[in-house]
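Numbering (our numbering), first residue to last: 105 to 373.
Quick caveat, the hints were computed from the structure, so don't treat them as lab data.
Among these hints, one or two may not hold up.
[To be verified] Ranges of calculated distance between the beta carbons of each label pair, as one might list FRET restraints: (1) P330 - V250: 21 to 29 Å; (2) V300 - Y333: 53 to 61 Å; (3) T156 - M320: 19 to 27 Å.
Positions of the beta carbon are idealized from the N, C-alpha and C atoms, including for glycine.
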Amino acid sequence: MIAPRLITIVLLALPVLTSGCSLTGGSAWNGVHISGAAGYMETELDGSLDTTIERTPGIPVTTGFDFEGNGGQKGKESTVYLAGAVGLAPLELRVSGFQYQQNSTGTFTGEFLDTTFTGMVESEFDIGAYQATLGFDILNLERFRVGILAGATILDLDLGLSDVTFPGTEESVDEILPIPVVGVRADIKITGFLRVGATGTFFPLEDIEDFDVRFMDLEGGIYLEPVSYLEIFAIYRSISLEGEGEIDNVIADFDIELSGPVFGVAVTF
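Whole structure, please, built from the sequences with the hints as guidance.
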């Protein structure tokens, strides 16, 4: 499941597998410019799913499931992180993506969607986050820029639970959520080989299909160019998603956060 999605991101990023390259102008965002990044992300999760069911008419019962607690999900997972951008100032198109996947065991007694679990369970937490934004620089200078963003984030959610004691008892949430986003970005060139940058995007509306959604994606980093044609970067990214809606005729309230540092290198031409 992971490979096809990552291959798609690679194909999107192939034309832009450089970072900090400016064909005209002296910064990574001046004139005609191409940028990109490839590395790995030490991803940590925090996720929960509350299910409300009326098994007796008029008497709703809510059960909370915590992937890190009940599901046994713990620690960090190293995942491939890819990003790339191409632009002609003041416009810039940027894509990025990564995927987190972990299977763990834990104990849970209660409702997960429309199924009752009473003991040892195996939880699957598989989420892909892919974003594409078109940016417009309000201010584009040699050492500084600030701009606005508009685009979309696609979250591919596959959250599953299966009973270890009674094989065949299982439930899952398998949703692809295209989330329109708007945001801002800023970059500062501190020296000839050191720059910092930050990006923030969020969902400006209230509803997606049958879900009431709150979404935010924040990223900030340091970019070091020790020699020409090579850049080393360290960034931190945090994605949070909260939502409430109907899944298989069951009211579900979910809260998911993926965050962690990203380390990598890039080449330029």
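Going down the list of hints, with the structure as the test:
no. : hint                    : in the structure
1   : P330 - V250: 21 to 29 Å : holds (27 Å)
2   : V300 - Y333: 53 to 61 Å : violated (21 Å)
3   : T156 - M320: 19 to 27 Å : holds (25 Å)
Hint check: a violation occurs at hint 2 only; the rest are consistent with the structure.
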